[in-house]
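S.K.: In order, the protein sequence lines correspond to chains P and A.
Heads up, the first sequence is in our numbering, so the first residue is 629 and it goes up one at a time.
Heads up, the second sequence is in our numbering, so the first residue is 83 and it goes up one at a time.
These are calculated hints, taken from the structure and not from any lab test.
Ideal Cβ positions, reconstructed from N, Cα and C, are used throughout, including at glycine.
Some clues are possibly wrong.
[Stated by the list, open to error] Distance ranges between label pairs, derived from CB positions:
id: 1; chain 1: P; residue 1: Gly685; chain 2: A; residue 2: Lys189; range: 25 to 31 Å
id: 2; chain 1: A; residue 1: Ala401; chain 2: P; residue 2: Ala793; range: 40 to 46 Å
id: 3; chain 1: A; residue 1: Leu318; chain 2: P; residue 2: Ile760; range: 38 to 44 Å
id: 4; chain 1: P; residue 1: Thr809; chain 2: A; residue 2: Ala256; range: 23 to 29 Å
[Claimed, not checked] Taking lysine-lysine pairs in the DSBU-like style, the calculated list, with each CA pair at most 35 Å apart, reads:
id: 5; chain 1: A; residue 1: Lys370; chain 2: P; residue 2: Lys705
id: 6; chain 1: A; residue 1: Lys323; chain 2: A; residue 2: Lys269
id: 7; chain 1: P; residue 1: Lys635; chain 2: A; residue 2: Lys189
id: 8; chain 1: A; residue 1: Lys189; chain 2: A; residue 2: Lys323
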Amino acid sequence: MKLLEVKSLTKQFGGLRAVSAFDLSIEEGEIFGLIGPNGAGKSTLFNCVAGVYPPSGGDVLFSGKSISGQKPWNLCKRGLARTFQIVKPFASRSVLYNVMVGSFATTGKSAAAERKAREVLAFLHLDKKTEILAGNLTIADRKRLEIARALATEPRLLLLDEVMAGLRPTEVDEMVAIIRTIRKNGITVFVIEHIMRAIMALSDRIAVIHFGQKIAEGTPAEVASDKNVIKAYLGEEYAVS
Amino acid sequence: MTRERIQIFFLIAAAGGALGLPLVITSPTYLHILILLFFYAYLTTSWNLVGGFAGVLPLGHSTFVGIGAYTSTILSLQYGISPWIGMIIGGVLAAIAGVVIGMPTFKMRGAYFALATIAFAEGFRVMVENIDYLGPFFLNGPRGLQIPPLNVGLANFMFTGKSPYYYIILVMLAAVLILTYAISRSKLGYQLVAGGEEPEAAAALGINVARAKLIAMAMSSFLTALAGTFYARFTLFIHPKSAMSLDLSFEIAFIALIGGRGSIAGPVLGALLLRPVGDFSRIYFGDKLPGLHLIIFGVVLILVMIYQPRGLQEPLTRAYHRLLDRLSGKIEK
């Protein structure tokens with residue numbers, strides 16, 4: 629079943645067409661990757677799906693229903709959660725508090741929200757840091773906190789915007805393992821990433837965006853050997869390896 | 083003894099102390115100072131729901147004090163309606179006004195929001211100052227309204243001595259503190275804090291930030307207006323420059339900033355420090371060096387802002403927890 633469908637989505641900022649007639653469909657249970665050079669329109673596409681920007685044209689369907697133009701908080705309640713490329717923790721509050729904000733999306737009771745938050749924190753190996761202020765976390769932990777908050781809202785689709793940027797190689801491996809487990813738990817994952825090693829290993833399918841347009845789509849192996857992709861993004865060395 | 087027990091013990095001691103104070107302090111002057119201290123602590127705690135938790139800086143809360151004071155006073159003077167009922171009606175009107183003011187202003191950020199609330203408050207005060215009759219209601223413009231001290235008694239919210247007022251404002255303060263505590267641990271509290279700190283992230287986590295802020299604003303303005311009725315019954319004279327002046331709005335914000343915005347103890351701590359500083363410097367220096375109390379007030383404000391920008395609440399909470407640790411540790415051994 630198609631969980632997310634993007635149909636000829638266009639987003640225009642004044643004279644700049646950041647995303648143009650973009651088509652995409654993500655199956656339930658899939659890990660779908662989106663790659664492309666800086667400024668290609670990845671985050672804009674993400675923000676259109678997540679309700680931050682209303683699309684200028686086209687449609688976005690979430691489990692068969694149009695969600696185009698809906699507000700982020702309503703999308704969250706329908707089961708669409710996201711992280712931010714530039715992490716946005718509630719810095720003056722504890723890690724537990726941050727995640728509880730997320731778990732309050734599905735419950736009104738503090739005790740239930742706390743239980744859910746602790747579960748999610750344990751899953752992300754943050755359970756020893758629950759009382760630390762979010763502003764004092766390392767970048768790796770902040771990225772995890774972003775995921776923890778999003779998971780606490782009990783999403784069906786998780787949009788991950790460069791959650792591995794700035795991580796050390798061992799931390800990237802841990803994150804790959806975490807994302808795999810998230811999918812194993814039944815959550816569909818849509819991920820933007822620049823770290824090729826990670827996204828190639830993770831994704832079932834990958835789409836490549838360049839100047840707002842899709843230039844390739846397929847399995848990691850297909851995409852990696854695509855001439856257009858190599859020219860626009862990967863570079864010659866990647867094709868050889 | 084566990085930490086919880088010690089805390090409960092402290093709480094009971096504080097409550098007992100507060101209840102017993104009027105028995106010890108017989109001077110009406112000092113009792114008056116205490117009543118106003120609690121009055122400001124109450125106002126600031128109500129303000130804190132928006133100004134603290136929701137992370138914006140409203141500087142026009144005197145509007146709601148004024149709405150509360152005028153509503154109950156007009157209803158009792160002209161229609162003989164009990165001030166207790168007028169108090170609630172005033173609260174409801176203020177809540178509506180709060181939402182009306184909040185809807186356009188919550189879209190603004192930082193200083194723009196603060197300025198917009200000042201503009202609303204000043205506009206409202208100037209209007210009241212220039213209106214004698216609002217439909218059938220007699221406002222008496224800048225001269226204000228006097229409440230004749232006729233029917234003394236609880237039903238009429240009017241007393242000869244000061245201690246009944248003391249107990250009323252004490253109960254009001256305790257109630258609003260308990261309410262604030264409950265909200266801070268509830269879904270709404272989390273939504274407000276999240277929306278105040280990172281609105282985009284909050285929205286992505288399912289929070290309608292504007293809606294949460296409006297709910298907080300409605301509650302805050304309702305509670306603030308209740309204090310307006312208290313003020314009217316306590317002073318028996320209200321006029322636009324007293325009940326809805328910018329000074330009042332600013333003092334609430336100062337107390338919150340000094341005590342610590344967004345914490346539960348902050349407004350009380352701020353009032354405990356600032357009110358006596360203002361009052362006693364006025365009493366002791368007012369006749370010798372007029373204006374000195376304002377300078378002292380200003381100096382205290384500046385010092386706290388420089389050395390404790392997040393308010394006195396922070397170091398004091400730390401000290402309090404250390405004290406709790408020590409006490410519970412020692413007694414357990």
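S.K.: Each hint should be assessed against the structure and marked as holding or not.
M.R.: Verification of the hints:
Between P/Gly685 and A/Lys189 the CB atoms are about 27 Å apart, so this pair conforms to the stated range of 25 to 31 Å. Hint check: A/Ala401 to P/Ala793, Cβ distance near 41 Å, so the stated range 40 to 46 Å holds. Separated by about 53 Å at the C-beta atoms, A/Leu318 and P/Ile760 break the suggested range of 38 to 44 Å. In this structure, P/Thr809 and A/Ala256 break the distance hint of 23 to 29 Å, their C-beta atoms being roughly 49 Å apart.
A threshold of 35 Å between alpha carbons decides the hint, and for A/Lys370 with P/Lys705 the separation of about 65 Å lies outside it, so the pair is violated. For a cut-off of 35 Å, the pair hint linking A/Lys323 to A/Lys269 is broken: about 38 Å separates their Cα positions. As the CA atoms of P/Lys635 and A/Lys189 are separated by approximately 32 Å, the hinted pair is consistent with the 35 Å bound. Our distance criterion of 35 Å between C-alpha atoms is met by A/Lys189 and A/Lys323, whose separation comes to about 29 Å.
Going through the hint list in order, the structure does not satisfy hints 3, 4, 5, 6.
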